[in-house]
Every structure is written in C-alpha cells, then in structure tokens.
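Engineer: Taken in order, these protein sequences are the chains called A and B. As numbered in this note's numbering, the first sequence has no gaps in its residue numbers, which increase by one up to the final residue, 195. As numbered in this note's numbering, the second sequence has no gaps in its residue numbers, which increase by one up to the final residue, 391.
Derived from the structure by calculation, the hints contain no laboratory data. Treat each hint with caution, since some may be false.
[As the list claims (entries may be wrong)] Here are the simulated lysine to any residue pairs, SDA-like style, with alpha carbons at most 20 Å apart:
no.	chain 1	residue 1	chain 2	residue 2
1	A	Lys140	A	Thr27
2	B	Lys328	A	Arg181
3	B	Lys380	A	Gly22
4	B	Lys117	B	Pro50
5	B	Lys380	A	Ser24
6	B	Lys2	A	Gly22
7	A	Lys21	B	Ser366
8	B	Lys112	A	Ala10
[To be verified] Here are the computed distance ranges between Cβ atoms for each label pair:
no.	chain 1	residue 1	chain 2	residue 2	range
9	A	Ala69	B	Ala280	14 to 24 Å
10	A	Asp179	B	Lys253	20 to 30 Å
11	B	Pro273	A	Asp179	18 to 28 Å
Virtual Cβ for every residue (Gly too), placed ideally from N, Cα, C.
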Amino acid sequence: MTLTNLTSIARSEGDPSIEHKGPSSLTGPDRLARALGWFSIGLGVAELIAPGRIARALGLEDKKGLIRAYGARELASAIPTLSIDKPVGLAARIGGDLLDLGTLATALHRDNPKRGNAAIATALVAGITLLDLVAYAGVKAAHRRLPGDDRDYSDRSGFPRGAQPSRGLARQDFDIPTDYRAEGTVADALPTLAT
Amino acid sequence: MKALVWHGKEDIRYDTVSDPAIEDSRDAIIKVTSCAICGSDLHLFHNLVPAMLPGDIMGHETMGEVVEVGSAAKGTLKKGDRVVIPFTIQCGECDQCMRGNFSVCERTNRKKDLGDKAFGHATAGLFGYTHLTGGYPGGQAEYLRVPFADTTHVKVPDGIDDEKLLFLSDILPTGWQAAVQADIQPTDTVAIWGCGPVGQMTIRSAILLGAEQVIAIDHLPERLSMAAAAGAITINFDEENVVERLNELTGGKGPHKCIDAVGTESHVSFGQPDTVLDRAKQMLMMENDRPHVLREMIYVCRPAGVISIIGVYLGLVDKIPMGQAMNKGLTFRMAQAHVPRWTGDLLRRIEDGQIDPSFVITHKASLADGPEMYRTFRDKADGCVKVMLRP
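Looking at chain A on its own, in the form it has when it is part of the complex:
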C-alpha cells in the first residue's frame, strides 16, 4: 500500500483519491540532492555510533574522535541539503568531502596494512564528491533567476481610471466598519478636554 493510499484514512468517502501519479515539480538535481542528504544522515549516524570500527577498517585508529566529529558534520550538512536551501547544504557537503579526502590521504601510506580499504574509501568519496558537485551545479541552475527575469510592470496599475483619479475612490461609499476602527481623535474621545 502506498503512502498516498494510506493517508486516505484521513479523508472522507467523497474526497478524491489518487488513481495514477503524474509528473512532479521536483527536478532531477532536487532528487539527487535529496538522496545525498539522506546519505549524509546514514553516514553521519554510522560515524557517530561506530567511529572505532570505521577507524580500524581504514587503519586510522588514532582518529576515532575526528571520525565522530565528521559524523556530526555530516548530520549538520544533511539538514540544509534536505531543506529548500539545498545549495547551502551541498556546499557544506563538498567542503566536508575535501576534509574526508584529506583525512583518507593520511591512510594511503605503505605502512598502513589497511591501505587497500583506504584506497576504496578514497575512490568512493571522490565519486560522492563528483555527485555533490553535479547536484550543486544542478540545483543552482534549476532554481536561479536569470538576468532577464527583472520585468518592468510599470504599466500594470490595476486602476482602469488611472492611479491618481482612483486615490480615495472607495471613501465615497465605504466607511471602515466600527469593529475595525483602531483609533479616534482626542476630540472624539474626550470632547470636553479638547475644547
């Protein structure tokens, strides 16, 4: 059962229900960004709860604390990546990717018995970095305002009689209702003092 069918329990019998799903407002880059955001959450949680395992697998036993910190960083970048401000999150992810690559580089020396794992991890992070760059460029392009988007609507007054002749037109036959009156004059409120 799909989510949209499940939510039908919150509706009444006469309400329309979905029969066939159509095209979405989400663009390809939006979907990629979303996937990367969820990936950040998965990786971040793993780094937070099992930094020792990851450190041992990469031969970076002395960097357990750093890996945990990277987990927190992943979660922090996931929040904007999954929000409507995706470029902010993706930029944070790209910065994080560079930190990851720098850290992994320290595990690629010949003396590290887990050098093979570190090489695979480096290749994966490089691939993810590429996806982050593609997503960043994609969402920026899909949602940008082009220079020509600044239109001139100075011919759209909305007043068929012109702007100036329309000023105060409604005052001729409309009084602000009493329940919307917000202020009066001192003369209205305290006529004796005003005189």
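Given the structure of chain A, go ahead and fit chain B onto it with the hints provided.
Structural biologist: Showing chain B alone in chain A's frame:
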C-alpha cells in the same frame, strides 16, 4: 479527473484522481474554469505548515460552474451558476459567521479536535490547506466539492472574464481586509511590506481608501515596478535602509499604519542578519516562522499606530520586541481574510471599473503545467508574480 496533488516537500504532482462526490445535502460540485497558485501555497510547498498529508489536493483560489447541487443548497445554487469560491468555508449560521468573522467559522472545520489542539479553538475549514483546517481537497483540479455550498460561494455575472473575478476568492479581499483592518484614514502614511500578489492588492486597497502616502517595500524589481504603477513610493531593501527611508518619508515620525503582507517566509539575507538566524532555527525546528517584517514594523511604526498582519504566520516566532510594541501603544490587527464580508462590495467595484485585479497575472498556464509553475513562482523566475491555471 486531474489535480495538483501534494506528495511532500517541493513535490507537487499532476495526478489522476477520482472525481469528488456530494457527501452532504449542503454540498455542491463545481467544474473549475480557473484557479491560481497563492503565495501561501508556497508554505505548503515548502512543508512548513504541519498536517499536510501525501495525497492532499492543493489550491484555494478557484472559480467555476456549478454542475451538481445537494438538496439543501438548491435554494441558493443551481446547475450552471457561475461562482467564485472563497478560500474560507463558512456555515453562515454560527456566532462568528453572524459577526462577519467567516475565517473563524465554528462549524466548518471537520477536524475540529485537531484544530482545537493546534490553535486553542479551531478556525474555519479552508480548501487545500492542511488537516488543521479540515483537510478539504483544494481547487487546483478539474472539479471541486464545495462543502456548505449554499453559503460558501460568490455568484458572479457572465460577461466579465475569469481573470477579473478569480481573485475575489482570496487575494483581493485579503488585501482589502489588510487595509481595512489598519483603519486607513486620508491623512495616513501606510507602509506595506511585501509586493507579492497580496501586497499588490493591499497597495491598491490603500490607494482606494485614500491614504495620503503609500510606501511599498520589497527587493524584486518587477514587483516594485508593479507597486509603483499604482502610485506607491517604493523602497528596495537590497539598496536602501528601510527604517531610515521610512523615517525620512514621514518627517522622522514613522508610518501611521504598517501592513505585513509577507508573513512567515521573510527573505533571508546577510543584510538582514536576523533572517539568517531565523532560517537556521526553522531548519532545526526551533522556530516556525521568520518574523523579520514583524520586528521591523514594530520598530519603525509611529507610536499609537496600527500593525496589520495579513501575511500568514504558522506557529511560534522568536524575538518579538513586545517591549517596543507595548510602550509605543501599538494596535495589532490580524486574521485570515473574512472573504465573504468584502466580496459583494469588491465585485461591485470590479463591475464599476474602479479596480481590475487581472493586472497581477503574469503567467497563464494549463493545470498540467502546474508542477512547473510552482517552481517558477517559488523561484521568482521569469518575472513571475501571479500564476493563473486553467484545467
């Protein structure tokens, strides 16, 4: 039928859904001829309003032709009637409706328990606007079931284009109420934050109500040019200091009336550092709204002035300078628009040629293009101010 359906954050789809059916004798079904995307739909698009569910049909600016009428609505409606549907659903009989407070009708929110918990006391049912306000399917669709249809409609005459009438459903009466609840007087300087569709209608309403000086604040050139076209003095907050400029225009005293036509999603920029902090808190679910405009209005408003809030706020706001507001003796007025209270008068003004609300439409598209139009409107791309859709 086809409809624009909410599936999640930024995910509106052009889906095939079953047709709506009459459920109650006061219901009617209309065949939608025109609908529009509202600025407040973007709060749903951004998933900032709680209680949207995947599968909810969007839209609360709708008009069309009556095609089916429940038995109890037949006294006021018949097949073939041309109607604009207010975004507020009203029973017309409860204490609040009798007072003209239609947006807080006591009977039409079919999820009253949820509304009571969220708001203290439930507000009216609204079309396409979360389950906090009834979870009613919206009008960005080919057909719309109108509950309490005998009272929830505005009959409109033939011979006037949909473009001129559609906005009786929301933004015209909303802008009008923003100006009316500010109690605009002929000697007033009125400052209006936000030149989106509601802001544009508020500017025109303030002009019609005869404000001496109307000042419009935004940063998008196309919106500012549209505001200036109506006779407003404009302030581009990217280029000018709003407080300094407003004081300059009012002899250092501040505007008599300040109107917030922005609401929860103030523009975020480092030039307005509080908006960056608000955005961060919003992402962390520590705050619902970004109330930069509210803070600025309270600061700059003339003592004993009026703050009118018509831009939608959703929940909790931080760092509101109540000390300034209290000591300056400001009056606050706010509400979702009580649409039918104003529609008769506004329809007459449209017929009379006093105002033509179609000026605000910058994009016309088919309902099928709805998902793309949501993106265009949200990104403020292609000079987009208002999107009108035709099923």
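Engineer: For a C-alpha distance cap of 20 Å, please report whether B/Lys380 and A/Gly22 respect it.
Structural biologist: Not satisfied, since the Cα-Cα distance of roughly 24 Å exceeds 20 Å.
Engineer: Range first: 18 to 28 Å. Now tell me if the beta carbons of B/Pro273 and A/Asp179 are that far apart.
Structural biologist: Between B/Pro273 and A/Asp179, where Cβ atoms are some 39 Å apart, the hint is violated.
Engineer: Between the alpha carbons of A/Lys21 and B/Ser366, is the straight-line distance 20 Å or under?
Structural biologist: Given pair A/Lys21, B/Ser366 holds - Cα atoms ~17 Å apart, limit 20 Å.
Engineer: Checking one constraint from the list: CA of A/Lys140 to CA of A/Thr27, max 20 Å. Satisfied?
Structural biologist: holds, 11 Å
Engineer: Hint check: B/Lys2 vs A/Gly22, CA-CA at most 20 Å. Holds or violated?
Structural biologist: holds, 9 Å
Engineer: Quick one, are B/Lys328 and A/Arg181 close enough, alpha carbons at most 20 Å?
Structural biologist: Within the cut-off at roughly 18 Å; holds.
Engineer: Could you say whether the range 14 to 24 Å given as a hint is met by the Cβ separation of A/Ala69 and B/Ala280?
Structural biologist: holds, 20 Å
Engineer: Between B/Lys380 and A/Ser24, is the straight-line Cα distance small enough, at 20 Å or below?
Structural biologist: Distance ~19 Å between B/Lys380 and A/Ser24 Cα, so the pair holds.
Engineer: For the hint 20 to 30 Å, verify it against the beta carbon of A/Asp179 and that of B/Lys253.
Structural biologist: For A/Asp179 and B/Lys253 the Cβ distance comes to about 27 Å; the hint holds.
Engineer: Given the hinted pair B/Lys112 and A/Ala10, is their Cα-Cα distance within 20 Å?
Structural biologist: Distance ~13 Å between B/Lys112 and A/Ala10 Cα, so the pair holds.
Engineer: For the pair supplied as a hint, B/Lys117 and B/Pro50, confirm whether the alpha-carbon distance does not exceed 20 Å.
Structural biologist: holds, 12 Å
In summary, the numbered hints that this structure violates are 3 and 11.
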